[in-house]
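In case you want the letters, here they are:
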Amino acid sequence: MSLLELAGVGKQFRGLRALSDVDMSVSEGEIVGVIGPNGAGKTTLFNVICGALKPDSGRVRFAGDDVTGRRPEVLARAGMVRTFQLMRPFASMSVAENVSLAAQHHTRGAARLRGHAMDVVDRVGLAEWAHRPATELPTAGLKRLELARALAAGPRVLLLDEVLAGLLPAEREPVLDLLAELRERDGTTLVFIEHIMAAVMRLSDRVVVLDQGAVLATGTPDEVTADPRVIDAYLGEEPTTHADA
Amino acid sequence: MIVRKLIAAASTGLLLVTAGCGGSAPSGAAGDAAGSGSGPVRIGALHPVSGSMAVDGLQMRRGAQLAVEKINEAGGIASLGGRDVQLTTADTQGKPEIGQSEAQRLISGGAVGLVGTYQSSVSSNVSVVAERNEVPFVMDVTAADEIFQHGYRYSFRVQPGNGAIATSAAEFLTKVSEQAGKPVRKVAIMHEQTDFGTGAADAFTEAATDLGLEVAPRISYDATTASDFTSQITQVKASGADVLAVSGYYSDSLLIAQAINAVKPDLDAVWGVSNGAYDQPKFVSDAGPIGENYFSTNYHFDAQNPETRQLREEYQRRYGAPMRTGAVLAYDAVQTIAAGVEHAGSTDPVAVRNAIAKVKVDPLTVGDGPVRFGRDGENVNSAAVLMQIQNGRVKQVYPPRKAESDPDYSVAW
Amino acid sequence: MTATIDSEPRASVNLAVLKRAGMVGVLVAAAVVFALLKSGSGIVVWQSVVTGLLTGGLYGLIAMGLTLIFGVLDIVNFAHGAMLAVAMFISFGVVQATGLHPYLTMLVTVPALFLVGAAVHRGLLSGSGGATLENQLLITLGLSLLLENGLLMFFGAEPKNVTLPGETQFGVFGAVVSGSRLYAFLGAIALGLLLYWMLQHTRLGTAVRAVASNGPGAELVGINVRRIHTLTFAIGAACAGAAAALAVPLLSVTPTLGEQFNITAFVVVVLGGMGNVVGALVGGLLIGLVEQLTTIYLDGQSSLLGVFVVFVLVLFLRPQGLFGRRT
Amino acid sequence: MTDTATTGAAGATRATAAQAGTAPPLRPQNRQLLILAVLVLLAIPLPLILPPAQGAVAVRILIFLIMAVGWNIMSGFGGLFSFGHAAYFGLGAYTSAYLLVEHGVSPWVGMAAGMAVAAAVAMVIGYFSFRYNLKGAYFALATFAFAEMLRLVTTSTDAVNGAVGYQVPLIQGSSVWQLQFPAGSPAYFWIALVLAGLAVAVSILFRHSHAGRYVVAIRDDELAAASVGAPVMRHKLLTVALSAAITAIAGAFYTQYYLFIDPQLAFGSSVSIEAIVTAVIGGIGTIWGPVVGAVIVGSLSDVTATLLATPPEFLGFLQGRSGLDVILYAVMLILIVRLMPKGIFGTLAGKISERRRR
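Chains as they are written, first to last, in the numbering used here: chain P, 1 to 245; chain A, 1 to 413; chain X, 1 to 327; chain F, 1 to 358.
Just so you know, the hints here were simulated from the structure itself, not pulled from any lab data.
As the structure is a computational prediction, the values presented were derived from the model and not from experiment.
Where a beta carbon is used, it is the ideal one built from N, C-alpha and C, also for glycine.
Do not take every clue at face value.
[What the hints assert, rightly or not] Which residues of chain A face chain F? A few of them, derived with a C-beta cut under 8 Å, are: (1) S101; (2) H150; (3) A164; (4) Q193; (5) T209; (6) N354; (7) K358.
[Stated by the list, open to error] Examples of chain F residues lying across from chain P (beta carbon under 7 Å, computed): (8) H208; (9) S209; (10) A211; (11) R213; (12) A217; (13) D220; (14) D221; (15) L223; (16) A224; (17) A226; (18) V228; (19) G229; (20) P231.
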């Protein structure tokens, strides 16, 4: 049974059709990559799934419930957690506070909460920064903080919006390992938007290609990269397979 | 470590409190001689000498000061072996809470009685302080009548209250209009909507109705925001009223005069009731010819009394401005307290209060006799007088024994 | 399948505005009819409408400078009323000292307020300290307290009055209009048109509009944004200067007179759509009417109450103003 | 607008402690509560030391303090900039005065009722403002409009005595239940001190509670907070309700202390401005900012009044002038916003923590 299911989802902004008739299905424990050229509607898709935007048409189902138009916090508490492409830390808080905030809806007791937050901080490799103001983090650190905060929220499905962008190649490896481990150890379902094709190829069970707000192709990584429509959509430019695209 | 730092910061804060408070120590330091057998007898004067009422407040403070000087020139308090009287002053800033704390300060400084405060809301607060400290409080200017409904024993008032003035205004209106052969039948009234204007309008309406007049329309307005009264005056014109009564503050009353001049309603007279403008020399100069023949019923300095004239000349000479009625009332209020001390032969505030309740003092403001207080603390002989602007001067015109000239029951347009 | 941008043609925008203007017109007409039923006197209602429109012109006049500042700089200038009061004191002082015709004091108040505005912007509001909206609000609030109490300290609170030489009355189908109010009204319209023309047809105006719609973009095409901001703030303040000279014969000049106009001006700005000069004028007229009709509808209530009710409704339902577009 | 500084300091302390392997230091809320307790204890003897007129100033400071703490919860922690806190102050004042004068209800009950009424009204205003997504200046103007509407309506409503307002009836002797004591009694100060202490304690506990952290997170980034499960609407409403209830305490106590209230005193815009200025001068969004601000603003008018009554020679021209206190605090407000946007306390705390880290 699919954990997350979109049927006929559409969204317009002042005449700009950002999403049209998107169907998509993600099974429990699956890792799905979402790719597409800039402006294809990937982030809008996430916003609609997570409740930040209401779709104009279509339904979103999560764990069997119709959750279309539910508020983001309700979905987050149900286990649908996302990260932001442009990092949005809570500027007045330290790294650890950012993380523990995300965990506080499912963890009781100050000591346990702090322990849990420190574990997550440690897991993403930010232990040294734990008590520094989040705004002092460099870009790579902020990316990890996004991830840490999402992890702390207790995700069933994790929607990751370009978690690798802005990271040096050497910094990407541990993140990719962590994501793989998430599924292995915690059984978390992952949906991730990514431009770096090597990562998509390596992690994804399945890839969804968006173009101009619509699903262009779905399939295994190898299938979609071979699909001529996908190649066309990237303006004939073959999606890079090099890690440093 | 950080705890210690913060505690240090906190104690600095406390020091600041003490320093801040210490700042005003000189004003409270005079309290030692409170009520004792030597030194001058202190009378506290509370007026708004800063803020939007500062001009009147300063006038009143000076009026009180002139009274004190007069008493001392005449040899001080005879029953206390000629002890001098001293005025201790305080600025209410026109704010009730400041008035309250300043009243407290004057009392702890040894004041045997208080005068003030020009504004009803401040007087309300000060009357409470006076009651709780058992120190007499003689109000010079305070319009609101509510203060005298609490049964306070230590509150007195020299001026006629809002209701009393409005009642007189209705009486004068019927008499003057009958004399002129144009008996009034229907009066329109405009009033500002706070307690001052509403109270006056209520009392006026009641008295006029009792005298058989029809009061309509009755129009209230917000004096702080109104900037044009043309529609209201048009409404008055359309109603066919003979007379327009106006109970307002200065600026709004001036705007009403301008609107009357524009609309030119078919009236026999414009009738100020406790009006803040129509008996003021400033109105005469601001409004010019359009204010001519306006009537106003209000408390007023007694223009017929030679002593009052002398006092006002003295004021004019010293301060270069005409003395307003409020200042003359402050003068009367100080005289009243001084008479109380004289009568009591003591500076014990309670004794002074009991003496004040019995004294008779000839006022320099218009009254039906000496200042004498009833059980409720109101001056039983307080009286309002009708004034009219005639040839660019404010003149007393009614009742006849106080009249400087005859009323001219007409309008100038 | 393809994503498209509806390039809303100009005509349809104008049509929408016309439609909305029509709706407002119907609402106003209905309100007037109800007032007529309530008061029962045609002449009273007619006078109320005339007075409302004239007073409304004054509100629009004061709000124009505010809306310009609000629209271009995104600053809620709480000191606008206080600056108006400063200008009125200047006007009063000049009339007292030189006996100049009150309207001619504009020659002094406009440049004076222009300089005050420029100085306030350069000194207090530009740069990082004046960056956030809250900070700007607090700074202009502080400034208004400073100006008002400065006036109070040096000139006292006694109301001061200026009379217009040769004041006359006009009859308008039975309603009465005093000359000074009519001139102020006409002055408001003239000033509105002047500002509109300046914004639409001068290089400065074009730059101001560019900065208003896209600051960083304007910077890229070589516009000195900070300079435009200062100029706009100064022009906005100068509008208060012009308004003061036109209004000085109508009002008693006191240090706190700005307060009563400040809040009304904000209502007008929000109603007309921020940054919309013509909207401010129309909004002013509407608020003038609302005030007058409130006194007919709600006997014994302050006319300001109706203004606030309209304000809250507009804030909730059309925060972009009657003639603005939701962004 | 942030309190990075304080949390930064806390973090630094924790880190050093962890490195040194010593016992964990106090949690921030316990440390702050401890400081509060010390401050309250230090303040207890004040009314016995100060001359009576200054005792009145001290009570005024405490009233300012409660107001500013209330405002700070909504506008500092919550980032919802209120320009109309007079509404809640006034509702507290009027509810308690109405119940006392018309129905003889104890001011304590009146205070509780006032808190409830203020909280309810705040939630209604808040609900509509959030529902219609009013932000920044628009939100500020809306709160202002509601406070002004309350002032206008009370002014013309006879059921609450219109413009006359209420005078609290005097009783013989003193009574804690009636919250009335002889003039100048230190009991007023002590009761205000307890109320102010409670208000600060609530603000400390709230700031460090789950709800309080959500509120701060929502202020920092509403969508990000929602995305990790922070219930946005509920917490915004909670914040405005708590803020209004605390402000209402100040209003109810004001009525009992000054024994008089009218629409202008209760709902006038100067009340809102006093709440804002106090918190901003001290340090917006910090626990101690309102405390520092209240001490400064509260004593300022007394100092300037003295200065104006008996000015030193070089200030002789100031005699009898008014408005100096407001001018001073307006200048202070502008300078602080320009130069130390975290307020006096926030900036000092930031400096200290910076030095510690180095």
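Hints, verified against the model:
no.: 1; hint: S101; in the structure: holds (4 Å)
no.: 2; hint: H150; in the structure: holds (7 Å)
no.: 3; hint: A164; in the structure: violated (17 Å)
no.: 4; hint: Q193; in the structure: holds (6 Å)
no.: 5; hint: T209; in the structure: violated (19 Å)
no.: 6; hint: N354; in the structure: violated (19 Å)
no.: 7; hint: K358; in the structure: violated (24 Å)
no.: 8; hint: H208; in the structure: violated (9 Å)
no.: 9; hint: S209; in the structure: violated (10 Å)
no.: 10; hint: A211; in the structure: violated (10 Å)
no.: 11; hint: R213; in the structure: holds (5 Å)
no.: 12; hint: A217; in the structure: holds (5 Å)
no.: 13; hint: D220; in the structure: holds (4 Å)
no.: 14; hint: D221; in the structure: holds (5 Å)
no.: 15; hint: L223; in the structure: holds (6 Å)
no.: 16; hint: A224; in the structure: holds (4 Å)
no.: 17; hint: A226; in the structure: holds (4 Å)
no.: 18; hint: V228; in the structure: holds (4 Å)
no.: 19; hint: G229; in the structure: holds (4 Å)
no.: 20; hint: P231; in the structure: holds (5 Å)
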